[in-house]
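K.L.:
Using the hints, position chain B against chain A.
Which chain is which? The protein sequence lines are A and B, in order.
Mapping the first sequence onto the working numbering, position 141 (from 1) lands on 141, and the numbers just tick up by one.
Take any residue in the second sequence, count from 1 to its spot, add 1000: that is its number in the working numbering.
Errors might be hidden in some of the hints.
Stated by the list, open to error - With a straight-line cut-off of 30 Å between C-alpha atoms, the simulated DSSO-like cross-links for lysine-lysine are: (1) B:Lys1748 - A:Lys447; (2) A:Lys675 - A:Lys690; (3) B:Lys1228 - A:Lys752; (4) B:Lys1657 - A:Lys657; (5) A:Lys661 - B:Lys1661; (6) B:Lys1752 - A:Lys228; (7) A:Lys873 - B:Lys1748; (8) A:Lys772 - A:Lys880; (9) A:Lys228 - A:Lys90; (10) A:Lys690 - B:Lys1433; (11) A:Lys447 - B:Lys1690.
To be verified - So the derived label-pair ranges between C-beta atoms look like this: (12) B:Lys1675 - A:Glu825: 33 to 41 Å; (13) A:Gln533 - B:Glu1831: 54 to 62 Å; (14) B:Gly1157 - A:Arg599: 35 to 43 Å; (15) A:Ser109 - B:Pro1600: 34 to 42 Å.
Said to hold, decoys possible - To be clear about the criterion: a stretch of chain A counts as covered by chain B if any three or more of its residues have a C-beta under 8 Å from a C-beta of chain B, and this derived list gives those stretches: (16) 70-76; (17) 209-217; (18) 439-450; (19) 637-646; (20) 688-699; (21) 803-814.
Hints in this document: simulated from the structure, not taken from any laboratory.
A virtual CB, placed ideally from N, CA and C, is assigned to each residue, including glycine.
2 protein chains.
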Amino acid sequence: MHKPWVYLFSEVEKAEQTVNGDWEAIRGLFGGKGANLAEMVRIGLPVPPGFTVTTEACNAYLEMGREFPEGMWEQELAALKEVEALTGKKFGDPENPLLISCRSGAKFSMPGMMDTVLNIGLNDDTVVGLTRLTGDERFVYDAYRRLIQMFGSVVMGIDDDVFEDIIEAQTIKSGVNGDADLTASDWKAVTEEFKITFRKGAMRDFPTDPYDQLRMATEAVFKSWNGKRAIDYRNAANIPHDLGTAVNIVAMVFGNMGPDSATGVAMTRNGTTGEPEIEGDYLINAQGEDVVAGIRLTEEIQYMQSQLPDAYAELVAIAKKLETHYRDMQDIEFTIEKDKLWMLQTRDGKRTAQAAVRIAVDMAEEDLITKKEAVLRVTPEQVDFFLHPQFDADAIELARQDGSLLATGLNVSPGAACGMVAMDADLAEAWSKNDGKPVIMVRPETKPDDVHGMLASQGILTSRGGRTSHAALVARQFGKPAVVGVSELDIDMIKRQIRVGSEVIREGDWLSIDGNTGEVFTGSLKTNIPDIQDLYLIKLLSWADEFRRLGVWANADYPADATRAREYGAQGIGLCRSEHMFFEANRLPLFQKMIMTDRPYERREALAGLLPFQREDFAGLFRAMDGLPVIIRLIDPPLHEFLPDLVELMGELSDLKLRIKHAGTLVEIDELLEKIKIKEAIRTRALNLKEQNPMLGLRGVRLGIPIPELTTMQVRAIFEAACQVAAEGIQVLPEVMIPLTSHINELKVQRKVLEEEAKRVMAEQKAEIEYKFGTMIEIPRAALTADQIATSAEFVSFGTNDLTQTTFGISRDDAESGFLIEYMEEGILAENPFATIDRDGVGELMRIAVARGRQTQPDLECGICGEHGGEPKSIELCHKLGLNYVSCSPFRVPIARLAAAHAALKE
Amino acid sequence: MHKPWVYLFSEVEKAEQTVNGDWEAIRGLFGGKGANLAEMVRIGLPVPPGFTVTTEACNAYLEMGREFPEGMWEQELAALKEVEALTGKKFGDPENPLLISCRSGAKFSMPGMMDTVLNIGLNDDTVVGLTRLTGDERFVYDAYRRLIQMFGSVVMGIDDDVFEDIIEAQTIKSGVNGDADLTASDWKAVTEEFKITFRKGAMRDFPTDPYDQLRMATEAVFKSWNGKRAIDYRNAANIPHDLGTAVNIVAMVFGNMGPDSATGVAMTRNGTTGEPEIEGDYLINAQGEDVVAGIRLTEEIQYMQSQLPDAYAELVAIAKKLETHYRDMQDIEFTIEKDKLWMLQTRDGKRTAQAAVRIAVDMAEEDLITKKEAVLRVTPEQVDFFLHPQFDADAIELARQDGSLLATGLNVSPGAACGMVAMDADLAEAWSKNDGKPVIMVRPETKPDDVHGMLASQGILTSRGGRTSHAALVARQFGKPAVVGVSELDIDMIKRQIRVGSEVIREGDWLSIDGNTGEVFTGSLKTNIPDIQDLYLIKLLSWADEFRRLGVWANADYPADATRAREYGAQGIGLCRSEHMFFEANRLPLFQKMIMTDRPYERREALAGLLPFQREDFAGLFRAMDGLPVIIRLIDPPLHEFLPDLVELMGELSDLKLRIKHAGTLVEIDELLEKIKIKEAIRTRALNLKEQNPMLGLRGVRLGIPIPELTTMQVRAIFEAACQVAAEGIQVLPEVMIPLTSHINELKVQRKVLEEEAKRVMAEQKAEIEYKFGTMIEIPRAALTADQIATSAEFVSFGTNDLTQTTFGISRDDAESGFLIEYMEEGILAENPFATIDRDGVGELMRIAVARGRQTQPDLECGICGEHGGEPKSIELCHKLGLNYVSCSPFRVPIARLAAAHAALKE
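Bound conformation, chain A alone (with noise of 0.2 Å):
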């Protein structure tokens, strides 16, 4: 026999045996909703009697070409009659008759997206005896429109408009505000209105049947499953089309049957701060949905207690049940009717990232979960939360309620920002470029061409598109804030506006997107820079610190950025590019006189000049880094990068040339001559370096071969400062990098120099420095042949920009605005290979790099210094690969530890 198509809620645990206790699977089977109405039943929370037809049913309805599985109904109709005995009241009957709402749920949260029919179970017949219990006719014909109008569109398919027409019809014909001030015989008036208008679109009569309705309603949810927008949304969510959705049938209470009724919504702690308590807006005498809809006032939740002191304490009480009983904040629903409290939903409530953070810190200080739950709570990309601008929350709630709320869309980069509406790539440029303006770009949706204009703007909002659309990718790429797939947004091209509904947006208005939630609001809303020295975030990351065995490294540069990264516990600096020191104004003219000749003597002397500023700046970082690892990669970048441009030189010369025509004097001529010839020398010396592919070329450790001096020159500053900074008392750890190694050889002749020139200075500062020598990894070869490179590098750092680079043979600073980006569009690669490390081929080849690096030196320290060692995937993967630590920038150092966390806790 197949298992139940329908389950009561009180008979959870009859389901829970088929699948062996497994809540997911409940999950699956009930839908989220159906499962936690049935879960608060079973912890005896008060829950409306009621039952779910299960997405086992669904899915075989609509398998079966649109009927129900056998037996489904019947079981239905008798899940029905114990709702019956447990209300007392009957389905259908004129005396005392039940309704029901049919809603749907699925296993994950559609909000929105798929039908819901109340008040099931009215009738001309069953009104009048409803009109009798209540006592309110305008409360029941209220409730008689509202299901004709909701089957009407939801079931039948009916323009929702056409019924929002009478009732508009209505008011005006009694002469009256709005709906609200309608009376029972109005109301009266406009259902049979409906029925007609119903019996015209439907081409039947409204079904008067309850049972009927049931059946037709519950149909009508199976098929909202196949919807268009609910396919859309799960297309743009990534969530799979073969779940199916479950169908709750609940029985109906009323928060709208007097004063002492009332119906609210309300988070068991604060979803926006995390403070521990309840939270949450209530209407005395109201619907859900007039909670919902913002058309009456609400009150906050604290109130009630004045107001309906007994369900308030009762509230409070089971909000806290609840959180004991899952473990984490819970967002509930309730209607109060007649004093008594109904359970309506529970769910783990959404919160900010701010939130998690202090609510996970709590619980857990709470003894409510464990700390290693509470560093699974929050999620890296939450930790992120802190390093992007971010809306006021305050701004952000008043927005809300103010009918700033334009649309929401798909939040597929975070971060906000506020702009103007540029509706072009070409005028998103401009504005931004020429008048400094912020821009918000808004297309329907981008495409290659689009990229300039992006760069550009603040944020980017699109009508189309879901998480791996264009704009999607771009975004993240670049960190632009960005809400995509916002279907409300109806952009017109050629009026160059947007229209929302009745709303219309100019281009050159102000909108701003909040790509944490995928709110876009009219205006310019207050954005803050987030306090990263949160303290609720430091002590969890303290915790994720107890957890992780993956050390956690920074990426700097200058002294100023070591320090940042110590404050957001960095364990030492794993890259210091030692070459961007070199394009800063004073010392750049040095560098380039050292490019422009080839005579080692006149080398020696211009790089002599720079040794000071390199000592300084080592200095600093071996102060801010005492007790710490500090490795410093020799220089990296080819040779030309550090002249002007070829274009902007030719530009220049000519300039020259033409101002000698004009020019008064010989001395003035001999000047510009003068002037003439360094340029050319310069230029002849850049046309020289030019390389086809410069990737590829003359970089790295290439250059501190047939430039040993280069090397020499970097190696006495590292250890003068070294040996200067310890003689104050500092702990001096350093570890120096050579770049771009392939082969074995180039590191033992790098080695020697260096070795040589560490020993010289040594010897005149009279100090003894302990000091590592290893090298990145960064081309394949060095990682096929790690044993061998082993034997000379201490440590090894990998460089996965350029890994990934030569791994799969991607130029990014040509591809990630290019084909990377079609290929991620079509699915060919699931994710960006420079955001997320490529773990079958990137991460095979420094498996085998580490694997093999041990075989030779098994305590081999092994890190990773590009940029993917901040990014929480790849963090994950480092771990699992074993090295010993992520290097990355220091805005991300927090986020590394947590991700570092994350990774032990789920081996």
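P.N.:
Chain B alone, transformed into the frame defined by chain A:
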């Protein structure tokens, strides 16, 4: 007890016991010359009595600070006693003096690099006895003065010119033309002068005690191992420095004892052509050096049959015996002293590549060696000989005799070249490019700045540098014949001339260089293109085919190439670069049109125009390869390669714009404007397609995915051609290959496009063609994920050019004339990885790919189509990795066949 320091030639078995009969060890101990003399004694050939002081004695002497090791001198004296017994003469006996020679003899021949002293044992007393015995006072004093001269220069380091000056003075004094006319008393006078000169130069008297002579000569030979010349030679020839030299002490025999005496050299077969008859020269009544010096005209060896019939018969028999014993052609030296034949030397004879092939084949057919040995006797490099121009054998023979042979250096890059001497790179380029003159670039050594001149030259000649010098590496790289390290060349960059001894070559004079032999000739020698269809070569290669397991395919883009490849033995086409056809004049505009549009319809239209051309080209290939597989690779290069160069375009645009100024009519202006419009569109597109690192950019499969029309057209052309040719009764075996794959999903997408189009064409043509679908593996990620790749690919082919670039992170375009050369000069890389597969990096990726690919698909067809496919060491690696075939340029197919056989036979 230490093994003996000294062995009589007859004691070789005793030595063999100490090294377990290992012939290589014997050669190491005795040196090549000593080992062969001993071996000749063992097989009963007439060798003058003598003994060898071992290389170990030499090494011990050098290590112990130039003292004979214990017991060595006593052993030498004991051996000398045995020689006295065997000859019946006594060392230092005035009545019947024994004379001996003292020669160096290292394991590997180092011609002319170490020392020799002849006629040891002569002094004022023994000359008297010898004169009486020989009755030839002139001979005896000539011998005596030679001893003093050699001893003076070799042992005591006196400048040889001082001795030569004395001889010249004597000829003047005696009023004769030259040495040959000096009389006994003249030589007597010279001898007396020599003694005085010796005393002055050496600060001591000439040692009259024969034992002193022997001891000092032995020491001199030992020391000469560490002479500068010898060290330089070993560095250049990659001979280890710790081998040491043996000293061979042999009783003197004299070919200048009258008309029944003679001396000569011979090869047991013709070293130039390989013809199986003895070849050589001799002189009646002469000493060895007379033959070599070329002062007297030598006779062809065959003429000896009439002059000295008995000795000739014996010599021919010995030659035969030696060949049978050594199982190889021998290069021998002999002396006939009063009708008695003495063998002075035998060694494996040097031979031309042509001779090597013929001798190997002949010997196998004579059952002297096996077919396997014959195949192993010829090196792939010798087969390479058949592919380069070579000097005409007669011309070179003549040149060697007529004094055109200027000098000999290291043969670092094969082939023959004639040209006018240009002494710097700019001049070389100017003469070659502007004046069309053939040029030999001559430099003391070359530097990276010289590469343009080297490329413009026919050949390269330097006076310095060894096998890994810049000149050698670049020359081999670009297939330019080169001779380097010719120390005799005295290059005067001021006078723009080269001195060799007394000869002066001026800039602009003709030189001919032989990169096979290292010879440098004055003038322009005749060159020939060798006949690859040499019958002996064909036979040898057919034997090679019996032994090899690796298939040999060819890379061919056109039917003519395919036909040649098949003639040379190719078993398939491993790579047809399908885009090469697009570059032809009548096709390029169509292809450019395809590039210029983004509209699929216009693209298809442009591509439709190309279809017939591609179809015809493919049909031709299929016809040529009837019954053999043909792998066609879909388009690979980035699209900008098909557009005109940007700089050129800008020039053309400027030109067009200027022309408007002078346009006569409106029509003319309109025409110009139209042209400008078109050019500007091309310019925009070219700019658009420009990439930072095109090697890692939009090419290969990355083109086929966004432009599926391109794939479709190429697939259609392949299958239309296949159907058409199959209908002609020809067996067509097409394999379609996707380039630059890095991810399995790329393959899947392309496979779908391909299969659909192939099916469509076959349905249209009502034909069924069996085909394979596969991919290049030229990106590390593809190699690492070959297990996934093999789920879609039915074959893979390693593109080791690209794979080397990405595995090493080296751009070939930039590095190969840049830092790679420096890396090889400095020994950081032993070999150019673009010439020979880098075993540890690229080879390791190949190993991984083969293993993982065959994990998924045990019979996965694996091949290689990079340039390495024709390079012997790389072929050996491919064999070891278990590839199915190598594919190379048609010209290299014969080399690959032999190399593949070697790989199999060496296992």
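K.L.:
For the segment 70-76 of chain A, count the residues whose Cβ lies under 8 Å from any Cβ of chain B; is that count three or more?
P.N.:
Since three or more residues must qualify, the claim that chain B covers the segment 70-76 of chain A is violated, with 0 doing so at under 8 Å.
K.L.:
Do A:Ser109 and B:Pro1600 keep their Cβ atoms within the hinted range of 34 to 42 Å?
P.N.:
Because 41 Å falls inside the window, the suggested range holds.
K.L.:
Checking one constraint from the list: CA of A:Lys690 to CA of B:Lys1433, max 30 Å. Satisfied?
P.N.:
holds, 24 Å
K.L.:
Mind checking the alpha carbons of A:Lys447 and B:Lys1690 for me, to see if they're no more than 30 Å apart?
P.N.:
holds, 19 Å
K.L.:
Range hint 35 to 43 Å: satisfied by the CB atoms of B:Gly1157 and A:Arg599?
P.N.:
About 39 Å separates the Cβ atoms of B:Gly1157 and A:Arg599, which means 35 to 43 Å holds.
K.L.:
Within a Cα-Cα threshold of 30 Å, do A:Lys228 and A:Lys90 meet the stated pairing?
P.N.:
violated, 36 Å
K.L.:
Does the structure keep B:Lys1228 and A:Lys752 at a Cα separation of 30 Å or less?
P.N.:
holds, 28 Å
K.L.:
Run the distance test for B:Lys1657 versus A:Lys657: straight-line Cα separation, threshold 30 Å.
P.N.:
holds, 23 Å
K.L.:
For the pair supplied as a hint, A:Lys661 and B:Lys1661, is the alpha-carbon distance within the 30 Å limit?
P.N.:
holds, 24 Å
K.L.:
Given that the segment 209-217 of chain A was listed as covered by chain B, double-check it with a C-beta distance under 8 Å for 3 or more residues.
P.N.:
Contact hint for the segment 209-217 of chain A vs chain B: violated, 0 residues under 8 Å.
K.L.:
Given as covered by chain B, does the segment 439-450 of chain A meet the bar of three residues or more with CB within less than 8 Å?
P.N.:
Coverage by chain B is violated for the segment 439-450 of chain A (0 residues, Cβ < 8 Å).
K.L.:
Are there three or more residues in the segment 637-646 of chain A whose C-beta lies closer than 8 Å to some C-beta of chain B?
P.N.:
violated (count 0)
Checked against the numbered hints given earlier, the structure breaks hints 9, 16, 17, 18, 19 and satisfies all the rest.
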